[in-house]
Amino acid sequence: MCRLRIDWLVRHLLGVLAVVAGGLVVVVIFSLLQGAWPAINSGLLGHFFSDPNWQPGSVRDPQYGLVPMLAGSFLVTVAAALIATPLGVAGAVFHHFYAPRQIAKWNLRAMELLAGMPAVVLGFWGLTVVVPAIARIEPPGQSLLAAALVLALMILPIIALTTQAALAAVPLSQVQAAAGLGIGRAGTILKIALPMARRGIGAGVLLALARAIGETLVVVMLCGNIAQIPGSLFDPIRPVTSTIALEMGYATASHKSLLYAAGLILVLVVGLLVGWLSFRKNLDHDAVN
Amino acid sequence: MRKLLLLSAAVFLSACGKPQDEANRLIITGSSTVAPIVADAAARYEALHPEVRIDVQTGGSSRGITDALSGLADMGMISRDLKEGETELTAHRLAMDGVCVIVHRDNPVSDFTKDQLIAIYTGKVSNWSELGGGSGEILVASKAEGRATLEVFLGYTGLDSADIRADVIVGENQHAIKTVAGNVNAIAYVSIGAAGSESESGTPIKLVSCEGIAPTTEAVAAGTFPITRPLQIVTDAETSEVATAFLNYLKTPAINDLIETHLYVPVAH
Numbered sequence: 018m019c020r021l022r023i024d025w026l027v028r029h030l031l032g033v034l035a036v037v038a039g040g041l042v043v044v045v046i047f048s049l050l051q052g053a054w055p056a057i058n059s060g061l062l063g064h065f066f067s068d069p070n071w072q073p074g075s076v077r078d079p080q081y082g083l084v085p086m087l088a089g090s091f092l093v094t095v096a097a098a099l100i101a102t103p104l105g106v107a108g109a110v111f112h113h114f115y116a117p118r119q120i121a122k123w124n125l126r127a128m129e130l131l132a133g134m135p136a137v138v139l140g141f142w143g144l145t146v147v148v149p150a151i152a153r154i155e156p157p158g159q160s161l162l163a164a165a166l167v168l169a170l171m172i173l174p175i176i177a178l179t180t181q182a183a184l185a186a187v188p189l190s191q192v193q194a195a196a197g198l199g200i201g202r203a204g205t206i207l208k209i210a211l212p213m214a215r216r217g218i219g220a221g222v223l224l225a226l227a228r229a230i231g232e233t234l235v236v237v238m239l240c241g242n243i244a245q246i247p248g249s250l251f252d253p254i255r256p257v258t259s260t261i262a263l264e265m266g267y268a269t270a271s272h273k274s275l276l277y278a279a280g281l282i283l284v285l286v287v288g289l290l291v292g293w294l295s296f297r298k299n300l301d302h303d304a305v306n
Numbered sequence: 020m021r022k023l024l025l026l027s028a029a030v031f032l033s034a035c036g037k038p039q040d041e042a043n044r045l046i047i048t049g050s051s052t053v054a055p056i057v058a059d060a061a062a063r064y065e066a067l068h069p070e071v072r073i074d075v076q077t078g079g080s081s082r083g084i085t086d087a088l089s090g091l092a093d094m095g096m097i098s099r100d101l102k103e104g105e106t107e108l109t110a111h112r113l114a115m116d117g118v119c120v121i122v123h124r125d126n127p128v129s130d131f132t133k134d135q136l137i138a139i140y141t142g143k144v145s146n147w148s149e150l151g152g153g154s155g156e157i158l159v160a161s162k163a164e165g166r167a168t169l170e171v172f173l174g175y176t177g178l179d180s181a182d183i184r185a186d187v188i189v190g191e192n193q194h195a196i197k198t199v200a201g202n203v204n205a206i207a208y209v210s211i212g213a214a215g216s217e218s219e220s221g222t223p224i225k226l227v228s229c230e231g232i233a234p235t236t237e238a239v240a241a242g243t244f245p246i247t248r249p250l251q252i253v254t255d256a257e258t259s260e261v262a263t264a265f266l267n268y269l270k271t272p273a274i275n276d277l278i279e280t281h282l283y284v285p286v287a288h
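So the protein sequences, as listed, match chains A and B. Each step along the first sequence adds one to the number in my numbering, with nothing skipped, and position 65 is 82. Each step along the second sequence adds one to the number in my numbering, with nothing skipped, and position 155 is 174.
Source of the hints: derived by calculation from the structure; they are not laboratory data. These numbers were taken from a predicted model, which means no experiment stands behind them. Be aware that one or more of the hints could be misleading.
Straight line, CA to CA, 25 Å or less: simulated SDA-like cross-link-like pairs of lysine to any residue [unchecked claim]:
id, chain 1, residue 1, chain 2, residue 2
1, B, K102, A, S75
2, B, K143, A, R77
3, B, K102, A, D78
4, B, K102, A, M265
5, B, K133, A, D78
6, B, K143, A, T269
7, B, K225, A, Q245
8, B, K225, A, T145
9, B, K143, A, M265
10, B, K102, A, I261
11, B, K143, A, S75
12, B, K102, A, L125
13, B, K225, A, R153
14, B, K133, A, D252
15, B, K102, A, P79
16, B, K225, A, A150
17, B, K143, A, S249
18, B, K143, A, F141
19, B, K225, A, T269
20, B, K225, A, S75
21, B, K133, A, V76
22, B, K143, A, I246
23, B, K102, A, Q80
24, B, K143, A, A270
25, B, K102, A, T269
26, B, K143, A, P55
27, B, K143, A, V146
28, B, K102, A, R77
29, B, K225, A, I246
30, B, K143, A, W142
31, B, K102, A, P55
32, B, K143, A, P156
33, B, K225, A, I261
34, B, K143, A, T145
35, B, K225, B, K102
36, B, K143, A, I261
37, B, K102, A, G219
38, B, K133, A, S75
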């Protein structure tokens with residue numbers, strides 16, 4: 018009897034907590050909408066796509082062009098993923114198939130430590146080490162490249178750890194069958210393990226993209242924050258997150274409302290990524306059934 | 020199991036605590052430049068008046084204005100003068116700060132005129148050789164829109180924010196200082212207080228004089244340094260008794276040592 022009552026209690030307690038957690042997302046999106054409403058309602062949102070520059074504080078000629086910043090967010094995210102994906106996948110393959118046990122263990126620890134590394138520490142390191150190094154090649158140093166490199170370091174563990182999990186989930190029988198057929202280790206990896214793990218790896222990359230596009234602290238310190246479409250990797254950029262972080266505390270009236278709207282657009286993009294992720298999961302599920 | 024649940028419930032309830040006496044609770048929000056002074060003064064004031072609780076939150080001068088007007092905060096902190104439209108608020112000056120130009124320690128340039136600063140920040144001059152420095156492309160760092168430091172700089176130079184041609188945009192003072200410390204060709208402008216303490220602790224930056232006047236707290240105090248800004252508290256018409264009492268405390272010389280610790284200049288009361 019007592020046991021039953023505890024079951025009832027735990028079940029309902031967990032239910033309430035789950036609803037609270039889910040509800041918080043709704044609350045956040047609702048308050049974003051509320052903050053963005055004045056801008057949406059007054060048609061100011063059109064400036065996002067029609068103004069060429071971002072100069073909200075100008076008295077003479079205020080402009081609110083968001084396109085360079087959307088480009089900045091997109092470029093830094095994709096560049097970081099392009100750097101981190103080969104490294105993460107290669108690291109996971111080495112970890113799973115080649116590394117002696119001791120090295121594999123330490124490799125895993127290092128990845129986990131990197132995953133938990135505070136963004137402010139990485140940003141600070143980037144600003145004092147990576148930026149001056151890049152500035153020696155081509156100034157100013159604070160650039161798309163600097164932000165992408167350090168951002169890649171942040172998302173590398175996500176890709177490496179999900180790839181490791183995906184490789185570990187490849188049935189041993191398949192690998193043994195390949196060995197039985199006399200296929201070498203390289204062939205097993207390229208033709209059997211990686212193709213079978215590819216959905217898991219893809220999910221890891223998508224998660225990493227969602228993480229990277231929302232990252233703020235590192236990019237604000239390293240990207241140079243010039244709202245422009247960069248001509249090269251060495252040019253500064255300004256992602257949407259940077260703008261919100263730099264200006265939210267100081268913005269008033271329509272400027273503030275536009276920052277809310279920019280945040281909303283960012284949430285929408287991440288929502289699309291997450292939606293794609295679950296769509297692919299469903300595909301997998303259907304394929305298995 | 021049941022014990023565990025009871026325990027967690029007890030912890031939860033005690034964390035809620037007993038309700039604070041709302042009348043004795045002050046909320047002060049605004050400029051991150053003023054906040055450290057007010058936070059230190061608040062700690063001292065709370066020790067003298069244990070019944071009072073003071074929360075100091077940052078978020079920029081604009082937030083200080085907005086919160087003081089809306090009543091979200093009892094007082095706001097701003098690091099600039101009140102603007103023309105902000106007539107509903109009263110400003111109370113606590114201290115003065117100067118904004119100075121910084122370059123890398125290895126840069127031979129040691130003085131700028133106002134016209135030179137305008138030429139650099141509008142992109143008309145782009146190489147240090149034109150200013151008597153070495154030969155390198157100038158890396159112009161400017162502050163993000165809305166920062167009080169930017170507004171003070173624009174006020175001094177008479178520029179509009181759309182005129183500024185920067186190579187990088189920075190946020191906090193620290194960000195500006197690290198940018199200059201990491202690049203021998205960089206130039207930025209920051210609070211004298213922040214730049215002075217960093218330079219003393221060995222960061223390779225140099226505080227450059229302006230129109231021949233060295234950026235020191237003494238020059239700010241004497242009123243001779245050309246780029247200065249007031250650090251102020253703003254209040255609206257409805258200020259509670261507790262808030263007025265704390266405000267009066269802030270205006271006494273009792274907190275001058277705190278202001279000087281943060282390298283700002285106390286205002287003679």
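Here is what the structure says about each hint:
For the given pair, B:K102 sits about 15 Å from A:S75 by alpha-carbon distance, which is consistent with the 25 Å threshold. A threshold of 25 Å between alpha carbons decides the hint, and for B:K143 with A:R77 the separation of about 20 Å falls inside it, so the pair holds. Between B:K102 and A:D78, the direct Cα distance comes to roughly 19 Å. Compliance with the 25 Å bound is thereby established for this hinted pair. Annotation: proposed proximity of B:K102 to A:M265 holds, straight-line Cα distance about 19 Å (limit 25 Å).
Note on B:K133 and A:D78: the hinted pairing holds, with a Cα-Cα distance of about 24 Å set against a maximum of 25 Å. At most 25 Å may separate the alpha-carbon atoms for a hinted pair to count; B:K143 and A:T269 exceed this at roughly 31 Å. Simply put, B:K225 and A:Q245 have alpha-carbon atoms about 30 Å apart, too far for the 25 Å limit, and the pair is violated. Restraint check for B:K225 and A:T145: satisfied, since their Cα atoms lie roughly 18 Å apart, inside the 25 Å limit.
Taking the CA atoms of B:K143 and A:M265, the gap is near 31 Å; set against the 25 Å cutoff, the hint is violated. Between B:K102 and A:I261 the CA atoms are separated by roughly 24 Å; this keeps the pair inside 25 Å, and the hint holds. Among the hinted pairs, B:K143 with A:S75 is consistent with the structure: their alpha-carbon atoms are about 20 Å apart, no more than 25 Å. Distance hint between B:K102 and A:L125 is unfulfilled; the C-alpha atoms sit about 56 Å from each other, more than 25 Å.
With a CA separation close to 21 Å, the supplied pair B:K225 and A:R153 stays within the 25 Å bound. Between the alpha carbons of B:K133 and A:D252 the distance comes to roughly 29 Å, so the proposed pair goes past 25 Å and is violated. In summary, the hint linking B:K102 to A:P79 is supported, as the alpha carbons are separated by about 18 Å, within the 25 Å threshold. For the suggested pair B:K225 and A:A150, the alpha carbons sit about 21 Å apart, so the restraint of at most 25 Å is met.
Restraint check: the Cα-Cα separation between B:K143 and A:S249 comes to about 23 Å, which is no more than 25 Å; the hinted pair holds. A distance of roughly 32 Å separates the Cα atoms of B:K143 and A:F141; the hinted pair therefore is violated under the 25 Å criterion. Restraint check: the Cα-Cα separation between B:K225 and A:T269 comes to about 34 Å, which exceeds 25 Å; the hinted pair is violated. Straight-line distance between C-alpha atoms of B:K225 and A:S75 comes to about 30 Å, which puts the hinted pair past the 25 Å bound.
For the given pair, B:K133 sits about 21 Å from A:V76 by alpha-carbon distance, which is consistent with the 25 Å threshold. Of the pairs offered as hints, the one joining B:K143 and A:I246 holds, with about 22 Å between alpha carbons and a cut-off of 25 Å not exceeded. With a C-alpha separation of about 22 Å, the suggested pairing of B:K102 with A:Q80 holds against the 25 Å cut-off. Of the supplied pair hints, the one linking B:K143 and A:A270 is violated, its CA atoms being roughly 33 Å apart against a limit of 25 Å.
Our distance criterion of 25 Å between C-alpha atoms is met by B:K102 and A:T269, whose separation comes to about 13 Å. Note on B:K143 and A:P55: the hinted pairing is violated, with a Cα-Cα distance of about 39 Å set against a maximum of 25 Å. Only pairs whose Cα atoms come within 25 Å are accepted, and B:K143 paired with A:V146 is rejected, the gap being roughly 31 Å. Note on B:K102 and A:R77: the hinted pairing holds, with a Cα-Cα distance of about 17 Å set against a maximum of 25 Å.
For the hint linking B:K225 to A:I246, the alpha-carbon distance of about 33 Å lies beyond 25 Å, and the restraint is violated. Using a Cα cut-off of 25 Å, the hinted pair B:K143 and A:W142 is violated, with the two alpha carbons roughly 33 Å apart. The hinted pair formed by B:K102 and A:P55 meets the criterion: a straight-line CA distance of about 24 Å does not exceed 25 Å. Note on B:K143 and A:P156: the hinted pairing holds, with a Cα-Cα distance of about 18 Å set against a maximum of 25 Å.
Taking the CA atoms of B:K225 and A:I261, the gap is about 31 Å. The hint is violated against a cut of 25 Å. Among the hinted pairs, B:K143 with A:T145 is inconsistent with the structure: their alpha-carbon atoms are about 29 Å apart, more than 25 Å. For a cut-off of 25 Å, the pair hint linking B:K225 to B:K102 is broken: about 32 Å separates their Cα positions. Taken as a hint, the B:K143 and A:I261 pair is broken in the structure, with Cα atoms around 30 Å apart against an allowance of 25 Å.
As the CA atoms of B:K102 and A:G219 are separated by approximately 53 Å, the hinted pair breaks the 25 Å bound. Among the hinted pairs, B:K133 with A:S75 is consistent with the structure: their alpha-carbon atoms are about 21 Å apart, no more than 25 Å.
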